[in-house]
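Start from the sequences, fold in the hints, and give me the full structure.
Letter by letter, the chains look like this.
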Amino acid sequence: MKVGVPKGLLYYKYHPFICSFLNELGAEIITSEDTNKSILDQGVKYCTDEACLPIKIFHGHVAAIKDKCDVMIIPRIMQLKKREFICPKFCGLPEMIMNSIPDMPDVIGSPIYAYSEEKLFQWVNEVGHKITKSNTKIQKAFTNALKEYNNFNCGIKNENFKFNVALVGHPYNIYDSFSNMNIIKKLNTLGIGVVTEEYVEGECIDNEIKKLFKKPFWSFARNSYGFSTYLIDNKKINGIIYISSFACGIDSVVIELIKDRIGEFPFLILKIDEHTGEAGIDTRIEAFQDMLERRMKL
Amino acid sequence: MIVTFPHLGNTYIAVKALFDALEINYVIPPLGNKKALELGSLYSPEEICLPFKIMIGNYLQSIEKGADTIIIVGSTGPCRFGEYCELQMNILKKLGYKLEFIVIDSPNDIGKDEFLRRISRISSDSNKGLYGKLKAVKNALKIISIIDNIESKAHHLAGFEVNKGECKNLLHSCKKDLARCINIEEMFYISKQYEEKLKKVKIDKNKNPLKIAIMGEIYTILEPFSNLYIEDKLMEYGVSTKRGLTPSWWVKNTVLSTLNLNSLDIKKASKKYLPLYIGGHAKECIGEAVIAQKEGYDGAIQIFPMGCMPEIVSKSILPSISKDKNFPIMTLVVDEMTGEAGYVTRIEAFIDLLERRKKEHVLSRG
Chain A
1230 MKVGVPKGLL YYKYHPFICS FLNELGAEII TSEDTNKSIL DQGVKYCTDE ACLPIKIFHG
1290 HVAAIKDKCD VMIIPRIMQL KKREFICPKF CGLPEMIMNS IPDMPDVIGS PIYAYSEEKL
1350 FQWVNEVGHK ITKSNTKIQK AFTNALKEYN NFNCGIKNEN FKFNVALVGH PYNIYDSFSN
1410 MNIIKKLNTL GIGVVTEEYV EGECIDNEIK KLFKKPFWSF ARNSYGFSTY LIDNKKINGI
1470 IYISSFACGI DSVVIELIKD RIGEFPFLIL KIDEHTGEAG IDTRIEAFQD MLERRMKL
Chain B
522 MIVTFPHLGN TYIAVKALFD ALEINYVIPP LGNKKALELG SLYSPEEICL PFKIMIGNYL
582 QSIEKGADTI IIVGSTGPCR FGEYCELQMN ILKKLGYKLE FIVIDSPNDI GKDEFLRRIS
642 RISSDSNKGL YGKLKAVKNA LKIISIIDNI ESKAHHLAGF EVNKGECKNL LHSCKKDLAR
702 CINIEEMFYI SKQYEEKLKK VKIDKNKNPL KIAIMGEIYT ILEPFSNLYI EDKLMEYGVS
762 TKRGLTPSWW VKNTVLSTLN LNSLDIKKAS KKYLPLYIGG HAKECIGEAV IAQKEGYDGA
822 IQIFPMGCMP EIVSKSILPS ISKDKNFPIM TLVVDEMTGE AGYVTRIEAF IDLLERRKKE
882 HVLSRG
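Sequence lines, in order, name chains A and B.
Heads up: the first sequence is residues 1230 to 1527, going by my numbering.
Heads up: the second sequence is residues 522 to 887, going by my numbering.
None of these hints come from the bench; they were simulated from the model.
One thing to keep in mind: the hints can contain errors.
[Unchecked claim] No farther apart than 20 angstroms at their CA atoms in a straight line, the calculated lysine to aspartate or glutamate pairs in the DMTMM-like style are these: (1) A:Lys1444 <-> B:Asp626; (2) B:Lys792 <-> A:Asp1489; (3) B:Lys793 <-> A:Glu1493; (4) B:Lys844 <-> A:Asp1278; (5) B:Lys614 <-> A:Glu1485; (6) A:Lys1500 <-> B:Asp630; (7) B:Lys726 <-> B:Glu707; (8) B:Lys615 <-> A:Asp1335; (9) A:Lys1439 <-> A:Glu1485; (10) A:Lys1444 <-> B:Glu716; (11) A:Lys1439 <-> B:Glu635; (12) A:Lys1440 <-> B:Asp630; (13) A:Lys1464 <-> A:Glu1493; (14) B:Lys654 <-> B:Glu707; (15) B:Lys844 <-> A:Asp1332; (16) A:Lys1488 <-> B:Glu567; (17) A:Lys1439 <-> B:Glu757; (18) A:Lys1444 <-> B:Glu621; (19) A:Lys1443 <-> B:Glu621; (20) B:Lys614 <-> A:Asp1489; (21) B:Lys615 <-> A:Glu1253; (22) A:Lys1443 <-> B:Asp634; (23) A:Lys1311 <-> B:Asp630; (24) B:Lys619 <-> A:Asp1489; (25) B:Lys697 <-> B:Glu716; (26) B:Lys721 <-> B:Asp786; (27) A:Lys1443 <-> B:Glu635; (28) B:Lys619 <-> B:Asp646; (29) A:Lys1359 <-> A:Glu1253; (30) B:Lys615 <-> B:Asp589; (31) B:Lys663 <-> B:Asp589; (32) B:Lys793 <-> A:Asp1332; (33) B:Lys696 <-> B:Glu672; (34) A:Lys1443 <-> B:Asp786; (35) A:Lys1369 <-> A:Glu1346; (36) A:Lys1443 <-> B:Asp630; (37) A:Lys1311 <-> A:Glu1346; (38) A:Lys1440 <-> B:Asp669; (39) A:Lys1500 <-> B:Glu567.
Structure, rendered in structure tokens:
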């Protein structure tokens, strides 16, 4: 059986899990190519105008593989932690896709609650039963997939650079080098090393969150806020670069929360959308680097 | 302590009734106005949604009139509204105001004790006994459902009225008179009078007006200023409108949701298109579109502020409903830059379309 896994949104974080699971069950995995211009164009064509860039790109990935697979997995990630949510668009993702893209194959769009292994297994079990009838096989594949996932770290931590900045943002904005125009490479050539949120312990993030009046209810918000403020307080970085998609509801809140907390600390917000021009991004990160240089001389 | 609160449609009348009865000092922010929006947009983050900006404007105008305590309800997502309180506190603090924020969050999240502490922070300011307080709450809930009722009747009758503008004028003067009342008994008396007046509005039963349902993000459909008074405009055009979401609906829904018995009709209607709750009122929006079509409405208008996350999901589902049921649905996105001329043109074009469709229907029936 050919199972389609679109290479968008949280694929970058969870692909070892899902791919290892499907592989072990003997399914053939069909993934789309890395994001490119034609995928973006397809996404813009199908998706509703008001949606943000990552959602549009996801639509493009779905459109690219919809005719090649028998069944497609569209992850409806509801919760990763108890009492925390992901963006509402994730919760309604299968509906967005099904109603915007014609001639879709069978879709697995059941909700994923990943705050405990038992809860996650409910979803895994459902997917597994589409491929095999054997419960033991599913159980075993699940255990191995979890192991695979736990050994995997998609985070980035550059060493031996003149400057270090925290690269903050939703995982799909950071790891999709097409939508962020290869920012990590660009920064590295300018002598700036980056560190991502995977390299900060959950405990440190929790401590930072406690300083807020209200605990943020989005996992993204919690990570981005805790990660950047922790690094600043511990003087581990020279600046923050926040990659944010245009009209992102969560970022509009998190960015303000971070700004309120950090005062004069260097903070660059890069907004990306389907029109982003590369020259503009280059100019802005070069200017940011100049500023870091000047601050160092002071 | 002088309390203030952000506007949300007609809720200010109920809150006024409540605070009058409790004898708590309060300031009602001036009704939706351009100045509030300008102030709000000036001090709010650029990418936050429109309700946030108008609310900041409300606070600032109330502070001018002496308010020092702000009451706001919270929520725990996944819609942005739940994060409003923290950002708004920061903004007002930076502007140099010393204010107290009382955030009414769900007891499940902040704990029962904290919840009761916050409630008592408000109620301790009142000299009334427990019985008096409960009675005040009960009466406030009663008056809001009465106003909602009068409003929905007026919106419905506007399509049938003989003297153009009668319903609209009645509704407006009703709200004005209610806001002037000094106690709840007077409110009940006046609302009774207006109910009678509405019954006496001359109507033409043979008329077959256009019927439009309004749905979408709750703030922008309830707060007339934020949607550029769309319901008044439709009344002027002689269109009958219906809006499912009202403050009294919200109260009922919140109470019943603890038992999972809330809005059963919406759950049933939206099941096919959006089976899960995804935050905000996206499911309600979908359910109401389906129900409106079933009830024989001619079309529907969805309104939401730019960037509203849950409504973007429903916006991508609505075209399917429109196609499946042959039911025109228009989406209007509002923000602080919305120009009135373009907005009105779209509404007029939509009405033209519905009228043409209606004529064709009549002809095809022979």
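The hints, checked one at a time:
1. Using a Cα cut-off of 20 angstroms, the hinted pair lysine 1444 of chain A and aspartate 626 of chain B holds, with the two alpha carbons roughly 12 angstroms apart.
2. Taking the CA atoms of lysine 792 of chain B and aspartate 1489 of chain A, the gap is about 42 angstroms. The hint is violated against a cut of 20 angstroms.
3. With a C-alpha separation of about 51 angstroms, the suggested pair lysine 793 of chain B and glutamate 1493 of chain A falls outside the 20 angstroms cut-off, and the hint is violated.
4. Distance hint between lysine 844 of chain B and aspartate 1278 of chain A is fulfilled; the C-alpha atoms sit about 18 angstroms from each other, no more than 20 angstroms.
5. Taking the CA atoms of lysine 614 of chain B and glutamate 1485 of chain A, the gap is about 14 angstroms. The hint holds against a cut of 20 angstroms.
6. Proposed proximity of lysine 1500 of chain A and aspartate 630 of chain B is contradicted: the alpha carbons are some 33 angstroms apart, above 20 angstroms.
7. Our distance criterion of 20 angstroms between C-alpha atoms is broken by lysine 726 of chain B and glutamate 707 of chain B, whose separation comes to about 33 angstroms.
8. With a CA separation close to 53 angstroms, the supplied pair lysine 615 of chain B and aspartate 1335 of chain A exceeds the 20 angstroms bound.
9. Of the supplied pair hints, the one linking lysine 1439 of chain A and glutamate 1485 of chain A holds, its CA atoms being roughly 17 angstroms apart against a limit of 20 angstroms.
10. Restraint check for lysine 1444 of chain A and glutamate 716 of chain B: the C-alpha separation of about 46 angstroms exceeds 20 angstroms, so the hint is violated.
11. Our distance criterion of 20 angstroms between C-alpha atoms is met by lysine 1439 of chain A and glutamate 635 of chain B, whose separation comes to about 16 angstroms.
12. The straight-line distance between the Cα atoms of lysine 1440 of chain A and aspartate 630 of chain B is roughly 17 angstroms, inside the 20 angstroms bound, and the hint therefore holds.
13. Simply put, lysine 1464 of chain A and glutamate 1493 of chain A have alpha-carbon atoms about 14 angstroms apart, close enough for the 20 angstroms limit, and the pair holds.
14. Between lysine 654 of chain B and glutamate 707 of chain B the CA atoms are separated by roughly 18 angstroms; this keeps the pair inside 20 angstroms, and the hint holds.
15. At roughly 15 angstroms between alpha-carbon atoms, lysine 844 of chain B and aspartate 1332 of chain A fall within 20 angstroms of each other, so this suggested pair holds.
16. For the hint pairing lysine 1488 of chain A with glutamate 567 of chain B, the CA-to-CA distance comes to about 13 angstroms; that is within 20 angstroms, so the pair holds.
17. Under the criterion of a C-alpha separation no larger than 20 angstroms, the hint pairing lysine 1439 of chain A with glutamate 757 of chain B is inconsistent with the structure, at around 52 angstroms.
18. Restraint check: the Cα-Cα separation between lysine 1444 of chain A and glutamate 621 of chain B comes to about 19 angstroms, which is no more than 20 angstroms; the hinted pair holds.
19. Using a Cα cut-off of 20 angstroms, the hinted pair lysine 1443 of chain A and glutamate 621 of chain B holds, with the two alpha carbons roughly 15 angstroms apart.
20. Restraint check: the Cα-Cα separation between lysine 614 of chain B and aspartate 1489 of chain A comes to about 11 angstroms, which is no more than 20 angstroms; the hinted pair holds.
21. Restraint check: the Cα-Cα separation between lysine 615 of chain B and glutamate 1253 of chain A comes to about 56 angstroms, which exceeds 20 angstroms; the hinted pair is violated.
22. For the hint pairing lysine 1443 of chain A with aspartate 634 of chain B, the CA-to-CA distance comes to about 16 angstroms; that is within 20 angstroms, so the pair holds.
23. For the given pair, lysine 1311 of chain A sits about 12 angstroms from aspartate 630 of chain B by alpha-carbon distance, which is consistent with the 20 angstroms threshold.
24. Taking the CA atoms of lysine 619 of chain B and aspartate 1489 of chain A, the gap is near 17 angstroms; set against the 20 angstroms cutoff, the hint holds.
25. Between lysine 697 of chain B and glutamate 716 of chain B the alpha-carbon distance is near 15 angstroms, which keeps this suggested pair within the 20 angstroms criterion.
26. Simply put, lysine 721 of chain B and aspartate 786 of chain B have alpha-carbon atoms about 32 angstroms apart, too far for the 20 angstroms limit, and the pair is violated.
27. For a cut-off of 20 angstroms, the pair hint linking lysine 1443 of chain A to glutamate 635 of chain B stands: about 13 angstroms separates their Cα positions.
28. Proposed proximity of lysine 619 of chain B and aspartate 646 of chain B is supported: the alpha carbons are some 19 angstroms apart, at most 20 angstroms.
29. For the suggested pair lysine 1359 of chain A and glutamate 1253 of chain A, the alpha carbons sit about 14 angstroms apart, so the restraint of at most 20 angstroms is met.
30. Proximity of lysine 615 of chain B to aspartate 589 of chain B is assessed by CA-CA distance (about 15 angstroms); at most 20 angstroms being required, the pair is judged to hold.
31. At roughly 28 angstroms between alpha-carbon atoms, lysine 663 of chain B and aspartate 589 of chain B are farther apart than 20 angstroms, so this suggested pair is violated.
32. About 18 angstroms separates the Cα atoms of lysine 793 of chain B and aspartate 1332 of chain A, which keeps this hinted pair within 20 angstroms; it holds.
33. For the hint pairing lysine 696 of chain B with glutamate 672 of chain B, the CA-to-CA distance comes to about 9 angstroms; that is within 20 angstroms, so the pair holds.
34. Note on lysine 1443 of chain A and aspartate 786 of chain B: the hinted pairing is violated, with a Cα-Cα distance of about 34 angstroms set against a maximum of 20 angstroms.
35. At most 20 angstroms may separate the alpha-carbon atoms for a hinted pair to count; lysine 1369 of chain A and glutamate 1346 of chain A meet this at roughly 13 angstroms.
36. The suggested pairing of lysine 1443 of chain A with aspartate 630 of chain B holds, with an alpha-carbon distance near 10 angstroms, which does not exceed 20 angstroms.
37. For the hint linking lysine 1311 of chain A to glutamate 1346 of chain A, the alpha-carbon distance of about 12 angstroms falls within 20 angstroms, and the restraint holds.
38. About 41 angstroms separates the Cα atoms of lysine 1440 of chain A and aspartate 669 of chain B, which puts this hinted pair outside 20 angstroms; it is violated.
39. Between lysine 1500 of chain A and glutamate 567 of chain B the CA atoms are separated by roughly 12 angstroms; this keeps the pair inside 20 angstroms, and the hint holds.
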